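Asker: Those protein sequence lines, which keep their order, are chains A and B.
The number in the numbering used here is simply the position in the first sequence, starting from 1, with 4 added.
The number in the numbering used here is simply the position in the second sequence, starting from 1, with 37 added.
Hints listed in this document are in silico derivations from the structure and should not be mistaken for laboratory results.
Nothing here was measured: the structure is a model prediction, and the numbers come from that model.
There's no promise every hint is true.
Claimed, not checked - Calculated from the model, a selection of chain B residues having no Cβ within reach of chain A, i.e. all distances over 12 Å: (1) R54; (2) G63; (3) A84; (4) P118; (5) A125; (6) A132.
Said to hold, decoys possible - Here are the simulated distance ranges between beta carbons: (7) A:L473 - B:Y134: 44 to 52 Å; (8) A:V42 - B:G73: 20 to 28 Å; (9) B:Y134 - A:W884: 42 to 50 Å; (10) B:G73 - A:V426: 48 to 56 Å; (11) B:S129 - A:W884: 49 to 57 Å; (12) A:F461 - B:L142: 27 to 35 Å; (13) A:G469 - B:S129: 43 to 51 Å; (14) A:E56 - B:G73: 18 to 26 Å; (15) B:A139 - A:H46: 51 to 59 Å; (16) B:S129 - A:V876: 55 to 63 Å.
Note that the Cβ used here is the ideal one computed from N, Cα and C, for glycine as well.
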Amino acid sequence: MSGWPFRRVLRPGAVRSADAELREEIELYLDLRTEELVREGHAPAEARRIAEERFGDVARIEAEARREGGRGRREGGRRMMETLRLDVGYALRTFRRNPLFFVVGALTLALAVAGNTAVFSVLDAAVLEALPFPDADRLVFVDGYHLADGEKAIRYASVPEFRDWRERSHTVSRMVAVDPNGLTLSGEGEAERITGELVSRGFFELMGGEAALGRTFTPEEAETPDGAPLVVLSDGLWRRRFGADPAIVGRTIQLNDRSVTVVGVMPPGFRGVSPDVDAWLPLGMMSLVGSADVLDSRGTRFLGVIGRLAPGVDVGRAQDELDAIARDLQAEYPDAHADRWARVQSFREEYLGTTGRLLWILVGAGVLLLLIASANVANLLLVRAHARVRELAVRRAVGADGSRVVGQLFTESLVLAAVGGVLGLGLAWIAIRGIVPSIPTGVLPDFVVPELSVRVFLFSFAVVGLAGLVAGTAPAASGARADLAGALRTGGWGATGRRARAQQGFVVAQVGLALLLLVGAGLLTRSFRAQLAVDPGMDMRGMHVFRVQPPRERYPDAASLRLFTHELVRRLEAVPGVSAVAASSDFPFRGRSSGSYIVRPEDPEHLIRYHRHSVTPGYFEKLGVRVLRGRAIEEQDRADARGVAVVTQALVDRVFPDDPSGVGRTIAIGDPRDPDNLVEIVGVVANVRYRDLTQDMMAEANSPDLFFSMDQIPSRTLEVSFRVRRDLASVLPSVRSAVAGIDPAIPIFAMDSLEHAYRSLTATPRFAAFLMGLFSLLALVLSGVGIYGVLAFSVGQRTPEIALRRALGARAGAVAGSVIASALRLVGLGLVLGGVAAALGSGVLRRFLFGVAPTDPVTFGGVLATMVAVAVVAAALPAWRAARKSPVEALNAE
Amino acid sequence: MSGSDLFTGTLDILILRTLQAAPLHGYAIGRAIRDGSEGVLSVEEGALYPALHRLERRSLLESEWGHTETGRRAKFYRITPVGAEHLASEASRWADYSGAVASILAGGGR
Chain A
5 MSGWPFRRVL
15 RPGAVRSADA
25 ELREEIELYL
35 DLRTEELVRE
45 GHAPAEARRI
55 AEERFGDVAR
65 IEAEARREGG
75 RGRREGGRRM
85 METLRLDVGY
95 ALRTFRRNPL
105 FFVVGALTLA
115 LAVAGNTAVF
125 SVLDAAVLEA
135 LPFPDADRLV
145 FVDGYHLADG
155 EKAIRYASVP
165 EFRDWRERSH
175 TVSRMVAVDP
185 NGLTLSGEGE
195 AERITGELVS
205 RGFFELMGGE
215 AALGRTFTPE
225 EAETPDGAPL
235 VVLSDGLWRR
245 RFGADPAIVG
255 RTIQLNDRSV
265 TVVGVMPPGF
275 RGVSPDVDAW
285 LPLGMMSLVG
295 SADVLDSRGT
305 RFLGVIGRLA
315 PGVDVGRAQD
325 ELDAIARDLQ
335 AEYPDAHADR
345 WARVQSFREE
355 YLGTTGRLLW
365 ILVGAGVLLL
375 LIASANVANL
385 LLVRAHARVR
395 ELAVRRAVGA
405 DGSRVVGQLF
415 TESLVLAAVG
425 GVLGLGLAWI
435 AIRGIVPSIP
445 TGVLPDFVVP
455 ELSVRVFLFS
465 FAVVGLAGLV
475 AGTAPAASGA
485 RADLAGALRT
495 GGWGATGRRA
505 RAQQGFVVAQ
515 VGLALLLLVG
525 AGLLTRSFRA
535 QLAVDPGMDM
545 RGMHVFRVQP
555 PRERYPDAAS
565 LRLFTHELVR
575 RLEAVPGVSA
585 VAASSDFPFR
595 GRSSGSYIVR
605 PEDPEHLIRY
615 HRHSVTPGYF
625 EKLGVRVLRG
635 RAIEEQDRAD
645 ARGVAVVTQA
655 LVDRVFPDDP
665 SGVGRTIAIG
675 DPRDPDNLVE
685 IVGVVANVRY
695 RDLTQDMMAE
705 ANSPDLFFSM
715 DQIPSRTLEV
725 SFRVRRDLAS
735 VLPSVRSAVA
745 GIDPAIPIFA
755 MDSLEHAYRS
765 LTATPRFAAF
775 LMGLFSLLAL
785 VLSGVGIYGV
795 LAFSVGQRTP
805 EIALRRALGA
815 RAGAVAGSVI
825 ASALRLVGLG
835 LVLGGVAAAL
845 GSGVLRRFLF
855 GVAPTDPVTF
865 GGVLATMVAV
875 AVVAAALPAW
885 RAARKSPVEA
895 LNAE
Chain B
38 MSGSDLFTGT
48 LDILILRTLQ
58 AAPLHGYAIG
68 RAIRDGSEGV
78 LSVEEGALYP
88 ALHRLERRSL
98 LESEWGHTET
108 GRRAKFYRIT
118 PVGAEHLASE
128 ASRWADYSGA
138 VASILAGGGR
């Protein structure tokens, strides 16, 4: 749009002087107009005031004239800023005149922005933020598993297996094994339980860390059996335990009662694969934490394996290669590698699992909520645009460009959105501080710390923009259409039908979107309840548990372990306030239990996988597990007695489908030709949910459980469980001193209540159901407000019609009924549309649902009923108002 | 230009028509329009200036600085041949439209 360029070409600096000329023109106008008014008899000062008032906002008119004169575009930025400043100022003045409208609109948007921002901050930290590892996108876990157990069951590899993978794989260029272990650090002060990782060669290079002090391990040191009693400390342990002693390198410390030499200290921020690792040791030093034999045992699987994808390789290709390697190994070692596979998984997937997907769903839910809130604000703006239609029409008639009016209306909704956005960010800030600490542990990996990052700000900015656009489009469109003819014809209510349709459209959309959210929340809540309703098969009240690991150095064999275990149980039973003391190799909901195979002696080829537990006498009774048949593990099941086992009903069903009792049957825990491997089933207990609430005990993926006598199969890891009558704190000192009374160098760790461990199993569904519930509650309230607003407005509009009907004898009830009926028509349409969308889309939740189908009729029915109830409530007040209109009053109002 | 935009140019047309007789400065144009038509400038007299500058940019008007009778510097606007042509065509559209409106009103619309 070039206009008349020659003038500017001829007169350099024309733009500035053109501004001055415009000012001069206006000044002249005002002077002459003042003189005219004086001639009409006004006092000079008053005349000037009137002249200025009639002229209008000088600054805005100057800006418009500049723009209309084609000069606005030349200095685009500055002019635009000025226009924007004027529009924003205008919008703020409008809001000052309508504070209620402003507050309601801004708060509505603030709530939606806050919800979106808070959820996105979690997604950002968990999914978008770089993992705390260098080049983390190329890091993968290589998880070994047995196909029969499902991919979730076992995630470890044996040392020889790991070495085979490492040698044969080209797609995973650097493969490293990591074995996390608790270790006891003693000497110089109280014995302390620390977390260590035994690592193979190349670990530090893979994780991108060089020692801040000293060095890391050489390849030989890392893997030579018992070759290098060395340790690398974390920065945290070095500061906490050794006062950041710069001379630490070369010193000897006591780990699990062995002397090891510190060779290095890692820099702050370097982290291992597990959370809060204090020290790293060579994989070759396996004898520190267990038997060195496992280094050569193909069937003992305990290593986590990680690696880096070779350049240009993706997870899929690496998976193909590992599948081929697994097949080769199955052929080479038919026994040890039967059914054995390896899964390649990115670090992000491994750490987040399905939580990442859940977060995306929650962010989607947040956006739905935002749309609902925006629709409400759009309706508010429409109602206001309605009231101003005459003003807009006149502005257009005197030549204001349609795009200027639209810009003005958009500016209003954007200003509203911006104010709502700022408020919302404030609310989000509070929410992140308030809610994030209450996200139960286990939902997110330890390194995920939600905060208001730059990305979160950008997201919120986009959210605010979206809200402003959605809320502004309809009013702006109606403003652009506002025309003098229509305004004059209808006495101010121009384009009534179109606007009403837009408002009703928003209500239909709101109802539909709210229904989507409610269905999501309903499904997640019902799934969560279904999980809570699963009978864990035990009595959790007051039950607590801690872990001890008698060190191999002082408790080298089964006899010494047995003695320690007996003494531990005996001393704890003597503590006042403590009862039901038992020890076991593992404990429900507390992480890994070991698995192995059994066979029926008559069918030795058919391996059946099971979970193995060792328990002390009275374990079932004390934990409240019902013995269905036969007996429990008792005192008589000593080391020298006949080998016995107690099994769960699920194991009987799996192993002896033809014999529902199972008691008295014999199974083999190894080659059945060796009588030492034969074990008699002496009892059957009810199914206990040891690992997971949501997996069926009989599911192919879930192995059944088998319990041995602790005396017959001792365990070095002891889970010591006991019931406390009152609170843990009152007995804890006595419990500690009871353990210290046996061996002061043995720390107790991982103290927890069974109820808490159980709750953390349900943490993710609880979290998801809570957030969705919160969102859908807000959605419900907002849609209710939306329905109310539109009906109240339409009742106001229909006043003459209603009055006429009343005058003609319509009863109040009939009038109220017609209002409610019109609400239900709108809501009905929204429900149909939303219901269809929900039925089609609820499948995305399938992965998170337990015991409830994505198209659960109870959920859908409940949600529909709720929405209808909300519609009736929202319509009640407008209906009542309509019914109360007296014919005379209503007709007078017109 | 769609039908509903017909009124947008009301002020433009009034300005062009006013200038058909002689070049005038802003105040004089405004005065003439106020005298000649009820309402169009009653909302905001200053709206005249964006309109003048728009018309100038579209080369329907041209301008020149001169002096008023009292000797003050003032910018005088003059209609161009293009402006005159535009006025003629708009005037006929206007007549059509107002005829239509009049017949609707006479027919006793809503």
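Asker: Checking each numbered hint in turn, tell me which of them this model violates, lowest number first.
Answerer: 2, 3, 7, 12 and 15
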